[in-house]
Amino acid sequence: MQVAYTIAEIAALVGAQRVTGADTGSITDLASLEAARPGDLSFLGNARYKAKVSASAATAILLPLDYAGEPAPGQVYLFVENPSVALARVCARIEQSLWPKLAPGIHPSAVVSPGARVDATAHVGPLCVVEEGAQIGAGSVLQASVFVGRDARIGEGCLIMPGCVIATMCLLGQRVRLQPGVVIGSDGFGYEFVAGRHERVPQVGTVVIGDDVEIGANSTLDRARFSRTVVGEGTKIDNLVQIAHNVVIGRHCILCAQVGISGSTTLEDFVILGGQSGLGGHITLGKGSKVGGGAGLAASIPAGAYVNGNPAIPYMLERRIAVLQQRLPDLFKRVEALEKK
Amino acid sequence: MQVAYTIAEIAALVGAQRVTGADTGSITDLASLEAARPGDLSFLGNARYKAKVSASAATAILLPLDYAGEPAPGQVYLFVENPSVALARVCARIEQSLWPKLAPGIHPSAVVSPGARVDATAHVGPLCVVEEGAQIGAGSVLQASVFVGRDARIGEGCLIMPGCVIATMCLLGQRVRLQPGVVIGSDGFGYEFVAGRHERVPQVGTVVIGDDVEIGANSTLDRARFSRTVVGEGTKIDNLVQIAHNVVIGRHCILCAQVGISGSTTLEDFVILGGQSGLGGHITLGKGSKVGGGAGLAASIPAGAYVNGNPAIPYMLERRIAVLQQRLPDLFKRVEALEKK
Amino acid sequence: MQVAYTIAEIAALVGAQRVTGADTGSITDLASLEAARPGDLSFLGNARYKAKVSASAATAILLPLDYAGEPAPGQVYLFVENPSVALARVCARIEQSLWPKLAPGIHPSAVVSPGARVDATAHVGPLCVVEEGAQIGAGSVLQASVFVGRDARIGEGCLIMPGCVIATMCLLGQRVRLQPGVVIGSDGFGYEFVAGRHERVPQVGTVVIGDDVEIGANSTLDRARFSRTVVGEGTKIDNLVQIAHNVVIGRHCILCAQVGISGSTTLEDFVILGGQSGLGGHITLGKGSKVGGGAGLAASIPAGAYVNGNPAIPYMLERRIAVLQQRLPDLFKRVEALEKK
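Residue numbers (this note's numbering), protein chains in the order written: chain E, 1 to 341; chain A, 1 to 341; chain H, 1 to 341.
Since the hints were made in silico from the structure, they are not lab data.
Wrong hints could be hidden among the right ones.
One copy or any two copies: either way a pair holds, since identical chains are not told apart in the list.
[What the hints assert, rightly or not] Dumping the calculated EDC-like pairs for lysine to aspartate or glutamate here, alpha-carbon to alpha-carbon at most 20 Å:
#	residue 1	residue 2
1	Lys341	Glu70
2	Lys340	Glu268
3	Lys101	Glu132
4	Lys287	Glu268
5	Lys333	Asp119
6	Lys50	Glu34
7	Lys290	Asp211
8	Lys101	Glu156
9	Lys50	Asp66
10	Lys290	Glu156
11	Lys290	Glu192
12	Lys287	Glu192
13	Lys341	Asp330
14	Lys50	Glu156
15	Lys52	Glu34
16	Lys340	Asp330
17	Lys341	Glu9
18	Lys290	Glu339
All chains should be built: construct the whole structure from the sequences, respecting the hints.
Listed below in structure tokens is the structure:
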């Protein structure tokens, strides 16, 4: 991480109630108790790893107040109410240095149309393109090499990382965070087979991204055939996810990496999709439903359902069948034996 | 969509034979009968949704000539021969405003080698790179931040969206359309295991893309080990698709999102691959064959075949087995009962 | 390939011991015996394809010394000790022309922070961004439109193709090769569900890429929650692969296209993952273990294991069960017959 904090700085940051051992070292990275090397800060987040503390090579360890033990020479123990909370505080501090607040303004290498409206507090980094009619809200950051198409609108406090494309007329809410390479508003995949050729069906809708949505690297979200492809407030999408045209995703959903959702499918709120799962088109997943990793689902499921497998079936049944499948060789033998009786 | 048309403009555009109701409103978006809100244009594309017309909140509705009913106050009915055709006409008009014809010329921020040949009618947008020996054909558009490598050739009337990479010596035909982030001509994935290490096998072939091919966002097509990776005329490829080296894809195929095709596999014409399906290497898929979504195919299939599942087997058999698998718990019980007799 | 070599150049390059036929033609491409067209160079790499030589339309064919036969009119045979080695020599020559050594220096359109350290022998191509504190090692090439974040470090002799993003503080070793669109150091996907919303867990670790690693187009590697996401020396990663936070990949592994690895999973050395396979989180794959294409693995496997299917089980068992599953319709009938007895 190439950070550098003194023990005293860490102690102050976490509000250490007691410090035991060598408090003169410096901290340049974080690591688990096992993986830690000299220079690392570690922590005992779960009492069942207590035995790993004394063997850890960490320079400093965050420990609960009731931990009994002495640091090795050159090592320091920092006693705090809640080591996990203390670690989170250190992480938050490091995060600020990873993503420092960038000064408002437009980098001279950016190509911003005179007809674009960039808020005075926004940051448009090097080599970005902002087209005619596009709007960038207060405090939003386009890190570098971001493309914002005609009449697209980006809300306030957004962070758009390098290489993202927000195509014409698409809308982002407040505090949206796009990892590098995200594509918002590519054409939906719609064709009609006419006279032996696939003729493109115009895709003239948009994509609307709600507040506090986060989208992972190189994920793609297609614009609607008409009307809107929607991602609801607070939903989090991992890397390399594909969202087809006219998909409507509710609020506070979780889509793990490499998920694919076919056209016009609806996710209600709080849906969770495991990695690499795939959904057919024109189906609805009820509130709080869950799809296992790698599952393939072609039919609607009710609120609260949990399905797995391909084709996806209720989770417990799928687990049971997976076990029975491994006993198929035995079953065939048993049937053969019965036939010989 | 942030468009705005008067009712009169819509009526003229679709050639309405009769207009009933409030013809003074304006249209700012399109939506289905159910989803429509005031300001939207909707349509009755299929007679079985007739009952939804009277409940629709759309400001204007395209209806067949024989529809009987009266618009609500403030609403307008536009009667046309074929509402679907009428809607398509509106979409085509909106599409022109989404993707207006860009003026010919090279944006001053683009980096175009003096040894590149850009047709005078082509548009090279901001921050594009066009290397030595590359050619851009008449009427083609590089929207922004597109990379065209040495000696690559782009035909006439192509549309290349932001962030695409067309690597050295690759060839695109006429009217090719690449969504944002497409990579054409990355190295094939070929290694030889020598003395405990994977040594790279040079990948010195190219990629050749036929006329009227369209490729979805962030899809990747590797250059051949030698000779050509080929995508035939009229084939449509969705987002996040992977095409390995020396794959040969025929004409008018459909590859849905997240498909992966291993090296040296051949697709004949009119093949359809469902989303997330994967093909092994060195196999051939016969003309018009079809692979279900999520299927995994490791062997060649004849013309017209339709396979599903992983490993992929004929579709009807796979469907039958999927049903029987769910009855496995019962089957085990029945065998147990027989054994007890 | 748009190369052009005379027969004499090829003969000299491969050290032909004998040349028979028309040695005045020129070679513009490579192809297999079957696919070759006039102008192509082909080769007999495997004796069992001997019968295809006489029917080949190649202009020149590399043949083993003991091959008996005469070239067609206008065709030339080049006899060499080992045709495969000879072809590799031709490929290596073409490769040099595909990827010529670029002159050191920083393109005037690149945006390089005064606080970055770019070695004098490195090449920073057009429209790259290199932020404060970043380092680019000797002989490394950023081809074009590459983003290198604050304090990121790129070793010596690396080749970074267009559109790659190396985020802040990430580290690349020597001779690393990134195909276009690779993202190194996107945020890990970590949230805590608090009061009905997913709160982001800060992702403050980095990504460390070992020497001689190669990564395919549009693949994504997330930074660690804290500490490091690691890819070991010599490992090769194909296109559209997803590596989650805190994954540790050993040396000389092979990850085929569209693989996904969940957080904190460990691959020991020489592991091979088939295309589209998916790994759950917090598991370990032993040295030299192998996962079949499309497989889904949620549990650790020992060194040397080979698993397949979803859920993944030992390969031989999975193959046997796949066969038995196709006999399920028959099995149900047999059990029915037994019940009727």
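Hints versus structure:
no.	hint	verdict
1	Lys341 - Glu70	neither (72 Å within a copy, 69 Å between copies)
2	Lys340 - Glu268	neither (54 Å within a copy, 48 Å between copies)
3	Lys101 - Glu132	between (27 Å within a copy, 14 Å between copies)
4	Lys287 - Glu268	within (5 Å within a copy, 40 Å between copies)
5	Lys333 - Asp119	neither (74 Å within a copy, 69 Å between copies)
6	Lys50 - Glu34	within (11 Å within a copy, 59 Å between copies)
7	Lys290 - Asp211	neither (23 Å within a copy, 40 Å between copies)
8	Lys101 - Glu156	within (14 Å within a copy, 31 Å between copies)
9	Lys50 - Asp66	within (11 Å within a copy, 71 Å between copies)
10	Lys290 - Glu156	neither (32 Å within a copy, 46 Å between copies)
11	Lys290 - Glu192	between (33 Å within a copy, 17 Å between copies)
12	Lys287 - Glu192	between (33 Å within a copy, 19 Å between copies)
13	Lys341 - Asp330	both (17 Å within a copy, 19 Å between copies)
14	Lys50 - Glu156	neither (44 Å within a copy, 42 Å between copies)
15	Lys52 - Glu34	within (7 Å within a copy, 60 Å between copies)
16	Lys340 - Asp330	both (15 Å within a copy, 17 Å between copies)
17	Lys341 - Glu9	neither (81 Å within a copy, 77 Å between copies)
18	Lys290 - Glu339	neither (43 Å within a copy, 39 Å between copies)
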